[in-house]
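**Q** The primary structure of each chain is shown beneath.
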Amino acid sequence: MTAIEEINLTVNGERSTHRVPVRMNLVDFLRNELGLTGSHVGCEHGVCGACTVEVNGACVRGCLMLAVQADGLEVTTIEGLTASGRAGALQAAFHRRNSLQCGFCTPGMLASALEYCERGGAADRAAIREHIAGNYCRCTGYQSIVDAIYEVIAAEEAQ
Amino acid sequence: MTGPLSIFDRPNAYIGKSVPRPDAARLLVGRGQFVDDQQLPRMVHAAFVRSPHAHARIVSIDGAQAATMQGVVAVYDGSDMADHCEPWVGTLTHMQGLRSPPQYPLALDVVRWQGEPVAMVVATSRALAEDACGLIDVDYELLPEACNVEAALDRDAAVIHPEFGNNLAWERIVDSGDVDAAFARNDVTIVERTFRFNRHTGVTLEPRSSVVDFNPADETMTYWYAGQAPHMMQAILSKHLGLAEENIRLIANDVGGSFGIKIHTYGDDIATAVAARILARPVKFIADRNESFLTDIHARDHRIHGRMAVARDGEIAALEIDDLTGIGPYSMYPRTSAIECNQVLNLTGAPYAIQNYRARGQVVFQNKNLMSQYRAVGHPVAMAVAEGLLEDAALAIGLGSVDIRKRNLIRDDAYPVTSAAGMKFDDLSHCRTLDKLLDIMGHDVLREEHAKLRSSGIHRGIGIASIVEVTNPSPLFYGVGGASIAAQDGATVRLDAAGAIHVSASITEQGQGTNTIIAQIAADMFGVEIDRVKVTTGDTAHVPYGGGTWASRGAGIGGEAVLQAATALRGQVLEVAGTILQCAPDRLDILSGSIVDVKTAAQRMTLRELGRIVYFRGNELPPDVKPELIATRHYRVTDFPFVFTNGAMAAEVELDPETGFVKLLGFWVVEDCGRVINPQLVDEQIRGGVVQGIGGAFYEECIYSSNGQLLNASMADYLVPMAAEMPDIVVAHVETPTKTSVLGAKGAGEAGTGGAPAALLNAVNDALRAFDTSISEMPMTPERLLKALGVV
Chain A
3 MTAIEEINLT
13 VNGERSTHRV
23 PVRMNLVDFL
33 RNELGLTGSH
43 VGCEHGVCGA
53 CTVEVNGACV
63 RGCLMLAVQA
73 DGLEVTTIEG
83 LTASGRAGAL
93 QAAFHRRNSL
103 QCGFCTPGML
113 ASALEYCERG
123 GAADRAAIRE
133 HIAGNYCRCT
143 GYQSIVDAIY
153 EVIAAEEAQ
Chain U
72 MTGPLSIFDR
82 PNAYIGKSVP
92 RPDAARLLVG
102 RGQFVDDQQL
112 PRMVHAAFVR
122 SPHAHARIVS
132 IDGAQAATMQ
142 GVVAVYDGSD
152 MADHCEPWVG
162 TLTHMQGLRS
172 PPQYPLALDV
182 VRWQGEPVAM
192 VVATSRALAE
202 DACGLIDVDY
212 ELLPEACNVE
222 AALDRDAAVI
232 HPEFGNNLAW
242 ERIVDSGDVD
252 AAFARNDVTI
262 VERTFRFNRH
272 TGVTLEPRSS
282 VVDFNPADET
292 MTYWYAGQAP
302 HMMQAILSKH
312 LGLAEENIRL
322 IANDVGGSFG
332 IKIHTYGDDI
342 ATAVAARILA
352 RPVKFIADRN
362 ESFLTDIHAR
372 DHRIHGRMAV
382 ARDGEIAALE
392 IDDLTGIGPY
402 SMYPRTSAIE
412 CNQVLNLTGA
422 PYAIQNYRAR
432 GQVVFQNKNL
442 MSQYRAVGHP
452 VAMAVAEGLL
462 EDAALAIGLG
472 SVDIRKRNLI
482 RDDAYPVTSA
492 AGMKFDDLSH
502 CRTLDKLLDI
512 MGHDVLREEH
522 AKLRSSGIHR
532 GIGIASIVEV
542 TNPSPLFYGV
552 GGASIAAQDG
562 ATVRLDAAGA
572 IHVSASITEQ
582 GQGTNTIIAQ
592 IAADMFGVEI
602 DRVKVTTGDT
612 AHVPYGGGTW
622 ASRGAGIGGE
632 AVLQAATALR
642 GQVLEVAGTI
652 LQCAPDRLDI
662 LSGSIVDVKT
672 AAQRMTLREL
682 GRIVYFRGNE
692 LPPDVKPELI
702 ATRHYRVTDF
712 PFVFTNGAMA
722 AEVELDPETG
732 FVKLLGFWVV
742 EDCGRVINPQ
752 LVDEQIRGGV
762 VQGIGGAFYE
772 ECIYSSNGQL
782 LNASMADYLV
792 PMAAEMPDIV
802 VAHVETPTKT
812 SVLGAKGAGE
822 AGTGGAPAAL
832 LNAVNDALRA
842 FDTSISEMPM
852 TPERLLKALG
862 VV
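Residue numbers (this note's numbering), protein chains in the order written: chain A, 3 to 161; chain U, 72 to 863.
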């Protein structure tokens with residue numbers, strides 16, 4: 003029914019080889035083949051941002067990239083961002099500020115927020131709002147998320 | 072209790088504090104347990120063939136080719152499903168006259184909305200199941216549609232269920248006081264307006280999800296459930312699949328948003344359970360986003376004509392509304408699709424002292440997706456109609472927006488009060504919340520600023536709304552009508568051998584922080600640190616029987632059950648401690664995990680030591696002492712049908728008259744939800760709710776073609792509130808605890824969604840006033856605003 007290809011990639015620092023249907027998207031591969039269920043599937047057409055992961059250091063929509071396109075690349079999911087501690091300050095701020103309710107958008111939201119922080123984004127509420135405007139959250143109304151990101155950047159700037 | 076302090080002033084005081092959610096830590100590191108995360112041995116995947124037509128007869132279904140495809144396990148059509156599942160009917164006896172025909176998991180003979188499931192494929196992967204769906208050939212004969220609500224009752228309208236003779240599902244009339252006489256008074260001014268509230272939907276980020284397993288060896292079914300009411304679903308599965316209720320286990324771990332969407336009975340979910348039973352293996356169904364838009368219940372779809380008569384001093388002499396609402400081809404099971412209309416009739420004008428009130432509601436069938444309860448059922452419609460008319464009235468008689476409200480709001484010292492629609496109100500604070508609102512928003516300064524800006528071509532507006540919210544429903548909401556929906560909730564609190572307590576409760580968590588407030592209340596009432604409290608919810612095998620979390624009932628009803636159970640366990644533990652320590656139990660207390668002297672707070676023994684004696688060394692206890700270190704209590708509201716919350720809200724907007732774009736500059740809420748258990752969680756419920764209200768007011772609309780095709784069934788085309796456009800929202804509280812419980816908590820989950828559209832409508836119309844025009848339709852899109860402005 004569908005072609006199979008072999009891919010070699012590094013996910014959260016672990017190298018591995020897999021045979022995957024060429025039509026399988028990256029987030030389905032991460033969730034269903036590798037058991038990395040922290041990345042979520044919300045719309046499957048690149049709008050909601052729930053499947054946002056890092057590929058070679060850049061945020062991508064896991065539903066808009068095929069697993070075979072990740073051949074030879076490095077993928078980092080929420081599980082990897084947690085293990086390395088890179089997302090630690092944001093995770094703590096999100097927790098303090100209750101910047102999540104159901105938690106379904108959270109891994110993707112954190113990936114986008116981390117991209118903003120690591121690229122030297124300013125402690126500017128409007129700019130933060132603009133940056134996370136590709137991540138849909140139905141629960142919070144976003145204010146608490148903006149607060150948490152702002153707090154992390156402001157704390158870093160104060161040091 | 073001793074001393075002048077209340078039980079809420081005990082040293083382990085967590086009630087009233089912004090305790091961070093313990094379970095958020097798991098979600099933040101990607102360790103949530105959503106239904107789609109379940110991977111079970113031998114699990115197979117379901118996909119559905121759905122009707123492309125709004126109304127058609129199924130001539131034939133040919134699934135032969137699909138059935139032979141490698142990887143396909145089974146193909147079912149409507150009659151296959153009907154052989155294994157009794158149909159359901161979405162009526163309740165207390166909604167007198169409501170009618171709806173039997174509904175099956177998959178369509179039988181006739182499809183009645185675009186997206187209705189017609190055939191099901193079960194395969195070894197979702198992708199293969201979808202491939203096989205593409206091979207199923209369904210031959211349809213088109214039937215005339217009845218899509219437009221306003222034409223559905225016309226004599227020449229297509230009748231969706233011929234056995235009913237017309238498309239009317241339900242009608243209700245409220246007539247209180249002497250409305251005609253009030254409108255005929257020669258000292259009143261009459262304003263009237265037709266409002267339209269178009270369809271929108273919940274767009275939970277986690278789609279509807281089911282994983283169901285069936286073990287024929289012991290006839291047990293396990294259903295991993297993304298919903299709000301596990302025991303309700305257990306009863307439904309039992310009734311329609313013919314399984315013993317006790318053999319069905321519902322497990323709701325993490326739920327990725329629900330907002331009412333996931334509380335209903337959907338054919339594809341039931342078909343998943345039927346397939347699991349037939350196949351005796353786990354079946355997974357996860358709706359994709361297109362399926363979500365086509366089949367998750369839609370909300371609103373009301374056209375309301377309203378009239379209000381006001382005297383010269385601003386007194387509301389009479390209010391009359393006529394509501395027409397479209398619910399799709401069936402009334403949703405088991406809560407019905409008439410509740411929203413019923414709420415509109417019950418709640419329009421509810422904050423105000425109105426003697427003369429008449430309302431008619433007509434609920435009609437149409438060939439669109441089903442409409443039913445979504446967050447703030449009926450409230451945004453009821454509030455916007457009353458607040459919109461009130462603003463028209465103020466303008467007509469030359470009174471200010473604030474003055475006309477103050478003239479008519481039910482006074483804070485007037486309670487208990489029964490409204491013209493028969494609602495019983497107590498412990499509300501409309502006047503104090505409005506005063507506080509005006510204060511925190513700097514109302515008068517803003518008005519002056521707007522007047523100045525208007526002369527320089529900047530068009531800003533302020534809108535105010537006073538609201539009520541139905542919370543803590545009693546058995547009179549659903550149970551009285553014959554639904555297997557519990558109105559009471561239970562909690563069990565148990566002390567373990569290490570001195571920790573375990574709470575299992577029948578209310579459920581969908582992100583509100585249910586588990587957190589359960590822990591706060593239990594820690595507080597029993598006397599341990601909150602990290603020594605472990606909470607279980609969502610699993611019918613492990614929690615007491617209860618309703619779950621919906622209608623803003625979790626904290627008020629489930630929280631009170633926890634309070635009562637933890638208090639009871641505290642008494643039982645002190646009895647045992649008294650025996651061990653040979654002193655009267657009333658001389659002892661439990662503080663921070665230890666038995667202490669009630670007066671000096673000196674430690675007498677730890678709970679761990681008490682647990683060790685009771686569980687391991689019972690020989691040290693007298694033979695007649697039989698300790699029970701577990702207590703269960705249940706709670707239901709008995710004095711009132713509902714416990715109402717009230718609030719006041721204001722919006723500030725800026726309108727660009729050339730583009731029709733509206734910028735949200737500010738939003739303020741003052742809420743009275745009684746005792747606030749966790750201020751941060753309550754404020755975030757309100758903010759999230761307001762933003763959903765903003766969605767309905769400005770962005771969200773299920774746009775149908777005239778022949779019932781949903782034209783924007785993707786997230787790229789259906790607009791939801793995103794971060795860049797949302798304002799920061801200021802939230803404040805007035806706390807009037809409800810006398811119906813010790814805890815005193817009322818609900819807070821829906822007020823924002825219920826009230827925001829009213830405030831936003833008034834704010835936009837305030838900005839439009841300079842152009843001598845107004846808008847009465849939601850969402851208030853740029854196109855509709857430009858039409859109101861006469862630009863297009």
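Bear in mind the hints are in silico, worked out from the structure with no lab data behind them. The C-beta atom is built at its ideal place from N, Cα and C for all residues, glycine as well. Any given hint could be a false lead.
Derived coverage of chain A by chain U (criterion: at least 3 residues anywhere in the stretch with Cβ under 8 Å from a Cβ of chain U; other residues may be distant) [unchecked claim]:
#: 1; segment: 66 to 72
#: 2; segment: 107 to 116
#: 3; segment: 143 to 155
**Q** Hints first: check each against the structure and report whether it holds.
**A** Now for the hints, and whether the structure bears them out:
1. 66 to 72: violated (count 0)
2. 107 to 116: n = 4 at 8 Å, threshold three: holds.
3. 143 to 155: Since 6 is at least three, the answer is holds.
In the structure shown, a violation is registered for the earlier hint numbered 1 alone.
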